[in-house]
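Given chain E's structure and the hints, the job is docking chain Y onto it.
2 protein chains.
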Amino acid sequence: MEQIEEQEKKEDNTVLIGKKPTMNYVIAVATMAGSDKNPIFIKARGKLISKAVDVAQISIRRFVKAYKIANMTSATEEMKGIDRKTGHEGPINVSVIAIELRKG
Amino acid sequence: MEQIEEQEKKEDNTVLIGKKPTMNYVIAVATMAGSDKNPIFIKARGKLISKAVDVAQISIRRFVKAYKIANMTSATEEMKGIDRKTGHEGPINVSVIAIELRKG
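Quick note, the sequences are listed as chains E and Y, same order. Going by this note's numbering, the final residue of the first sequence carries number 195, and the count climbs one at a time with no gaps. Going by this note's numbering, the final residue of the second sequence carries number 195, and the count climbs one at a time with no gaps.
No lab work stands behind these hints: they were computed from the structure. Keep in mind that the hints are not guaranteed to be accurate.
Identical copies go unnamed one by one, so any copy, or any two together, can satisfy a pair.
[Unchecked claim] Below 25 Å or equal to it, Euclidean Cα-Cα: the simulated PhoX-like pairs (lysine-lysine) are:
| no. | residue 1 | residue 2 |
| --- | --- | --- |
| 1 | 194 | 176 |
| 2 | 111 | 138 |
| 3 | 110 | 176 |
| 4 | 176 | 111 |
| 5 | 176 | 138 |
With the rest of the complex left out, here is chain E (with noise of 0.2 Å):
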């Protein structure tokens, strides 16, 4: 229970790339702003890590003005999953990316 809330409260400022169109996640981060979160994270793994930054660049540049982006870090990650090649299923790598969005 007490790690559920947490992980809630972790999320509260943090938007999490998916398979939906760039403007939803534009419309989170601008949502987020708008209810005075600060800093906001934009985080992504894998393909979507290009999605991640049109996200950042179009609140920046047309939505949310008042921040910047303060940090991009990256790293990877161990994921289950099916080796494209051979088939096989075990441990994949992936690349994750955080940006973090902050006012002033």
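Frame of chain E; chain Y shown alone:
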């Protein structure tokens, strides 16, 4: 002439991500590291941004372990292109990323 030399000098430590396989660009980074280039920049635009992050992660984890990601920056560039929705030719915005690898 001076401009061309300037350009060559600038590109000397930059890997620009294109459509080749990821490992080609990792090898390019490793080759630059082997010639003691420091820093090394990995640059990409649009959908290729995800591949740039993969190249950086694979490089520092497996091939050029003396290097770390020192900085990541993103920006928006205006390009000539065709709007996918309207079919009109004109300026389109594209996100770009630059990942700086540094030794130590």
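message = For a quick check of understanding: which of the numbered hints are violated here, in increasing order?
response = Violated hint: only 1; rest satisfied.
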